[in-house]
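S.K.: The primary structure of each chain is shown beneath.
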Amino acid sequence: MPVTANRWWTIVGSALSIACRPPATVSSPPTPAAEPALVVTEIDERGSKHQDCRCVRAFVDINSWVQITPQLGNLVPTGSPDTPELAAARSALRALADSLREVTELLQPLAHDLPVIVQRITAAAQALDRNPADSQAGAELASAIRAHGTLLLPVTKYLNKIDRPGLIRALAQPDPGYQAVAALLRTHIERLEQALATATADYQRASGGRGLRVQLWAIHYSARRAAAQIHVEGYDNLPAGDPNPVPKLGFARTPAEQADLNNGMDAARQVADIIPRFTDITTNAARSLDSLFRSARDAARGFGGFLDSFPARATLMAFADTVQQQVPALARRLRGVADSLALVIDSLRNQQATILRGLQGSTDPAMAVDVLTRGLTQGEDAVRRFAAIGPQGLAIAMQIIDSAARATQQRLNAELLGFINAFSRDSISRWKAAIPSLHNIDRHYQELRKRVEPFVKVLQLTGVARIVGGTESVDPTGLVTRTAEDLGPGMLDLTRIEPLDGDVVLLTLRVSDGSASRVLAEPTSALRIRSYGLHRRWSGGLAFTRESRTDGILPGVSASWIIHYRSFAKMQPDGSQRDGKTWPLDFGVGLTSVVITRNSEVQLGFGPVISLFDDALVVGAGYNLQRQRGYLMLSTPLLDLVNRLSGPGETR
Amino acid sequence: MLILPDTTAGSRKLLDDAIADPFRITMLVLGDGHGEDVIASKADVRAQALASTRRVVWIRDPNLLTSAERKKYMKDDAVACVLNLRDEPVVWLSRSDDIDLPELEIAFQEGQAG
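These protein sequences, in sequence, are chains A and B.
Counting from 175, one number per residue, gives the positions in the first sequence under the working numbering.
Counting from 66, one number per residue, gives the positions in the second sequence under the working numbering.
Be careful, since some hints might not be right.
[To be verified] Okay, derived cross-link-like pairs now, BS3-like style, lysine-lysine, Cα gap no bigger than 30 angstroms in a straight line:
id : chain 1 : residue 1 : chain 2 : residue 2
1  : A       : LYS744    : A       : LYS422
2  : B       : LYS78     : B       : LYS140
3  : B       : LYS140    : A       : LYS331
4  : A       : LYS335    : B       : LYS140
5  : A       : LYS223    : A       : LYS744
6  : B       : LYS78     : B       : LYS137
7  : B       : LYS78     : B       : LYS136
8  : B       : LYS136    : A       : LYS331
9  : A       : LYS422    : A       : LYS223
10 : B       : LYS137    : A       : LYS331
None of these hints come from the bench; they were simulated from the model.
Construct all of the structure, not just a fragment, from the sequences and the given hints.
M.R.: Next comes the structure, spelled out in structure tokens:
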């Protein structure tokens, strides 16, 4: 079936099954299966445990903890029973593994981040030597000095505690790179690794070398980052990372989100810079946009024709009416948002001079967004107010829609049965009439792909279409081998892995025999990371704007803050999980856009946007604060778009 | 290291300039006679690790300070005090502490972080 048709079915499906949040439950683990398996239990940000899932594919919230319980099934352990010696050896192993992780976590930033911070300090200090009034350099220096102190403080305190004489020797020379300190830390890591190897051997000896050996590891796959192994507490010695929960409704961004936004905007900026140099491409782009709208409209009409021929049309239309009745309630809430936004706009207008001064001399959209974001912080309270009152109204509306959806489903089932019973030659002709609509949808989809191709070519030309990630294999390291007698749940803290909505974590359980030379079973389970409930998403991309009272379309860069909603994943009767649904039209509210004109002049615009197709297309209106004119905008996140066009990969 | 040997107006001006420098973490070493010279010398070694942003000022005669400053910088009989970038005292090292290179380094780092 063509993908566009799929999309429409998804929209209808979403409307039919908008799910409410399932009650948090504390459940006992499922009955052990015959085969080894992983049981996944999500613990959400409020600390509530959700239903256990022995799923090959599970869905978890982006800010959750995941408890992973290995089950060995019929691979009954044959090792000796637990003894005091074994318990002592196990405690020693755990203590050593914890210490090793603690020290490794200290060394990593010292090796990777310190040189960068020292370089920042040097550069900022030199800039201040040249011009002591350079406030930007002053702020950079202060920030780098703070980072330097924050990074080194735990290292120095730790070494002072465990090896004071060694630390005094390491600090006796003024070494800007703190290389002697790092070397001291490495020495301790080597000692701990050696002690851990000895303790592991002792443990294996104490356990008689028999029984099952169990390893568990997790690999994090992200669309635009290289795949990497991540820490599972209790099963490896990798650094845990710092907790960094994704703020679901604020303006702040996690480092991963910031990097993603910067990448998207950098790509868009490169393309926006190139487009004016290629008149043909610009013309085609404008035509493509027109065709895109036309095709979508035609496809919608075609689908409408198909819907007309559907025997259960009346039932669906009744449901649509119910949804429509709820729209005013939703609209009222959105008007509340619009009022709040109007306040923000007024505030921004007042700050226009300040913002423009901040932007002068800088053509870097990322910096411009930062300046704007600071201004927008004032609006955050207004949006929070919406967040406080909005969900309640929305929840009631959604509840009504949900109940109507259930009734509709029941009626559809009955009507489908009736339709099958009454199947006749007449009904075949009605279905035949719908087939051209399906062909039209396919044709329009192919047309859309063709029209978007110039963009993809431009992206390939500029090299921004380079996609990292995917399915490259990662060899697990730092694993702790556990015995069947010592088997316990592992814990994965998603807030420490810098996740993005749509990422995947692949869990692998390896069960080997006593000598660990023969693998008996290696089941896997994929965790799909989602943002559930009301949440915001930052989207950076290539924007095309048309200003009022002017001709032509200008390419630019946009950054949008969009509110989405996804209902929670649900357990199916067969034990699998079904992902939550998004709002039927993925609509949201956007706040920002940055416009770069053909003569490279940076202009700043601001206004509401609506997101379609999961941010693949963002349309909106805005107000150019510099030229004081309204404009219409259409934006698309380039990297995400290329991802979707390049292959079947994971979609959000 | 800036050594202020006396209570003259010149020393006072140098001290004011050092404290007012908005881009340096300043460690004041206060007094002369109970090992302060060793502390100042070791502190200077740690200051050199980040020479562009750390500085040691050895005030040999605390009478150079006003009484309010003495109360602020010499809290709990402190022999050294670290000022952060906002010129606020954030770390005090007492005479009774075992002051060596690690304590001085930690004091500088706490001054940077705070």
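S.K.: All hints, please: hold or fail.
M.R.: Consistency of the hints with the structure:
For the given pair, LYS744(A) sits about 21 angstroms from LYS422(A) by alpha-carbon distance, which is consistent with the 30 angstroms threshold. Between LYS78(B) and LYS140(B), the direct Cα distance comes to roughly 23 angstroms. Compliance with the 30 angstroms bound is thereby established for this hinted pair. Taken as a hint, the LYS140(B) and LYS331(A) pair is honoured in the structure, with Cα atoms around 23 angstroms apart against an allowance of 30 angstroms. Note on LYS335(A) and LYS140(B): the hinted pairing holds, with a Cα-Cα distance of about 26 angstroms set against a maximum of 30 angstroms.
As the CA atoms of LYS223(A) and LYS744(A) are separated by approximately 14 angstroms, the hinted pair is consistent with the 30 angstroms bound. Between LYS78(B) and LYS137(B), the direct Cα distance comes to roughly 19 angstroms. Compliance with the 30 angstroms bound is thereby established for this hinted pair. Straight-line distance between C-alpha atoms of LYS78(B) and LYS136(B) comes to about 20 angstroms, which keeps the hinted pair within the 30 angstroms bound. The suggested pairing of LYS136(B) with LYS331(A) holds, with an alpha-carbon distance near 28 angstroms, which does not exceed 30 angstroms.
For the given pair, LYS422(A) sits about 20 angstroms from LYS223(A) by alpha-carbon distance, which is consistent with the 30 angstroms threshold. Restraint check: the Cα-Cα separation between LYS137(B) and LYS331(A) comes to about 26 angstroms, which is no more than 30 angstroms; the hinted pair holds.
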